[in-house]
Amino acid sequence: MCKRFKIVSFSLIYILVSIYLLIPPIVLRNKFIEMSMSNNYNVHFKKIIIMYKHPFENFKLIITHGYILKEFIITFFIITVLICILYFGFKSRDTAGGITYLRDNGTQGTANWMNKKKMKKVLNIGNEKGIVFGTIENKMVTLPSNTFLNKNIAVFGASGSMKSRSFVRPNIMQLSETNESMIITDPKAEIFESMSEYLRDKGYNVKVLNLVNMINSDRWNPLNEVEDDISAQYFVETVMINTKAPGAKQDEFWDKAEMNLLKALVLYVVKENPEDERNLSSVYSLLALNSTVALDTLFSNLPQESEAKMPYNIYSQASDKVKTGVVIGLGSKLQIFQNKLVCNLTKTSDIDLILPKKEKCAYFCITSDMSSTFDFIAGLFFSFLFIKLVKYADYAPKEHQKDVYFILDEFPNIGAIPDFTKKISTMRSRGISSFIIFQNIAQLQNRYPNNGWSEIIGNCDSRLFLGATDIITSEFVSKLLGTTTVKDTKLSKAEGFEGIIDLGHTTSSSLKRNLMNPDEVLRLSNKNEILILRGQEPILLNKMDYTKHKFSKLIKHINISEYLPNWTTEYYKEKKDNLKDKKKDAQKSDFW
1 MCKRFKIVSF SLIYILVSIY LLIPPIVLRN KFIEMSMSNN YNVHFKKIII
51 MYKHPFENFK LIITHGYILK EFIITFFIIT VLICILYFGF KSRDTAGGIT
101 YLRDNGTQGT ANWMNKKKMK KVLNIGNEKG IVFGTIENKM VTLPSNTFLN
151 KNIAVFGASG SMKSRSFVRP NIMQLSETNE SMIITDPKAE IFESMSEYLR
201 DKGYNVKVLN LVNMINSDRW NPLNEVEDDI SAQYFVETVM INTKAPGAKQ
251 DEFWDKAEMN LLKALVLYVV KENPEDERNL SSVYSLLALN STVALDTLFS
301 NLPQESEAKM PYNIYSQASD KVKTGVVIGL GSKLQIFQNK LVCNLTKTSD
351 IDLILPKKEK CAYFCITSDM SSTFDFIAGL FFSFLFIKLV KYADYAPKEH
401 QKDVYFILDE FPNIGAIPDF TKKISTMRSR GISSFIIFQN IAQLQNRYPN
451 NGWSEIIGNC DSRLFLGATD IITSEFVSKL LGTTTVKDTK LSKAEGFEGI
501 IDLGHTTSSS LKRNLMNPDE VLRLSNKNEI LILRGQEPIL LNKMDYTKHK
551 FSKLIKHINI SEYLPNWTTE YYKEKKDNLK DKKKDAQKSD FW
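All the letters of the sequence shown, read from the start, carry residue numbers 1 to 592 under the numbering used here.
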């Protein structure tokens, strides 16, 4: 639109200037002809000067004198042609044309950008319901509810590419319109601060597991989710994966020994302890017993059919030295339970993992993007969420179930989820979808190696690219976009004076080219994004700022520090009482 306006403006100015410059000489020429015929050579040049000083007179002459208009058109045409000849005559010998994509010629590749006509067949344009990707011509582009595509979305976005602003917040507002449940990761607590009150006002059950500032968190006890040997095994695997030091070599002997001991301790606490003592603090307390002999005695008193007995028997076959090493190793992995606040956070549960399938819920999980200390708790939270929701979806009546959307911002930082590649491939039939949001491919590769990262992206029918700063991601996106056939046009002309009369020789050929080269991907404007749908041509869209959404005016900002659940009041009271007792004891000792 802007380019067309410039062309029209330039053409209009060119015509007006031509009228101003050419009409006086044309009038002068006609005067000379008249005078030559009457033998009167008295030319009034002052009239010509007056015409230049009063340009509107020129326009009157064109309108009132048809012969002047005719001569102007002929002169204007001749001068325009001469200007074009001179311009092209002095251009370089070889002039390469711009990139022209050949849709009907796929000899070198068939990749091309999707046009608006095709877009309307697979997406909603202007219909404001559904998952929002972006905008085109200021109209929202959304995924229809009856789409043949799954609703798993991989979102590539470097830091500062507006992941939260253009994707997370707009889609929270979109999903709230249809009363869908949401599980949202929130590394900086920004999403909770901007969206939690909005969701409460919409009637959502809002909970937060805050692993950064635990005093501003609802409680969740991972052991509440352990029901049997299988769930205990899953618990143990998640803990072990997420407590392994980065780059540490795998030692199968020690790993299995620690897993058997942890499984035995978990099953013991779940099956043998009173309900109010079934938590990870109790597991750590067992590890902190003075000797392995005390543990042996504890488990030897269990009946033979106890589920905790078998894994402990396998562990106890090791020598005393090995058993001591296993206890120390496992104790170091669970040492966060020396912290009183962590123990209180995981003492009991305020968060019901099945509830999102029954009623509209919004659960936030705030994890640190700087430290991996609590990754295993986040990993357990999401692992058991998937297990519980899938299990409920399989056995409960389908008609009363809510769809659940996992909006996983900074996905690689939430801890590894065992068998996530299998989960994401089978969750669609259970009404569960995931938005996998990450900064770059390398980040995802580190968390899910051995092509696990590729399987995760492969199970997302929609890939949304917001921007990249690294070559690995840009090369990956460039390959996803594919190769295309382009027209290469060259105009060969003589130089200098010969070029004035040389019309030139044009040659055209087809070339193979990436639809976007990696360097072009890196230079993508921060206003734009690329959407790649399974089985479709890629689409170039504009990002949608959440402030442009129709519900954005309903957003109320709060500070995460304002969120203080009831248990924190009890915690502070207990802490205060303990301080008073310590002061009294200190005063007594000073007295004596």
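Please note: incorrect hints may appear among the correct ones.
[To be verified] Computed list of lysine-lysine pairs in DSS-like fashion (alpha-carbon distance at most 25 Å, straight line):
id, residue 1, residue 2
1, Lys487, Lys188
2, Lys402, Lys202
3, Lys323, Lys333
4, Lys129, Lys118
5, Lys512, Lys487
6, Lys527, Lys117
[Unchecked claim] Quick list of simulated restraints, FRET-style, between CB atoms:
id, residue 1, residue 2, range
7, Tyr14, Gly458, 25 to 35 Å
8, Lys256, Gly535, 20 to 30 Å
9, Gln108, Arg200, 52 to 62 Å
10, Thr547, Gly203, 20 to 30 Å
11, Ala396, Asn559, 33 to 43 Å
12, Asn566, Val293, 34 to 44 Å
13, Ile125, Ile62, 41 to 51 Å
By construction, these hints were calculated from the structure, which means they are not laboratory data. Keep in mind it's a predicted model, so treat the numbers as computed, not measured. The beta-carbon is built from N, C-alpha and C at its ideal position, and this holds for glycine as well.
Hint-by-hint comparison with the structure:
Our distance criterion of 25 Å between C-alpha atoms is broken by Lys487 and Lys188, whose separation comes to about 48 Å. For the given pair, Lys402 sits about 16 Å from Lys202 by alpha-carbon distance, which is consistent with the 25 Å threshold. The suggested pairing of Lys323 with Lys333 holds, with an alpha-carbon distance near 16 Å, which does not exceed 25 Å. Using a Cα cut-off of 25 Å, the hinted pair Lys129 and Lys118 holds, with the two alpha carbons roughly 19 Å apart.
Between Lys512 and Lys487, the direct Cα distance comes to roughly 9 Å. Compliance with the 25 Å bound is thereby established for this hinted pair. Between Lys527 and Lys117 the alpha-carbon distance is near 23 Å, which keeps this suggested pair within the 25 Å criterion. Range check, Tyr14 to Gly458: Cβ separation about 56 Å, and the 25 to 35 Å hint is violated. The hinted range of 20 to 30 Å is not satisfied by Lys256 and Gly535, whose Cβ atoms lie roughly 44 Å apart.
In this structure the hint that Gln108 and Arg200 lie 52 to 62 Å apart at CB holds, the actual value being about 56 Å. Our hint of 20 to 30 Å for Thr547 and Gly203 holds, since their Cβ atoms are close to 23 Å apart. Checked against the hint of 33 to 43 Å, the pair Ala396 and Asn559 passes, with Cβ atoms roughly 38 Å apart. Checked against the hint of 34 to 44 Å, the C-beta distance between Asn566 and Val293 comes to roughly 42 Å, which is consistent with it.
Between Ile125 and Ile62 the beta carbon distance is about 47 Å. The supplied range of 41 to 51 Å therefore holds.
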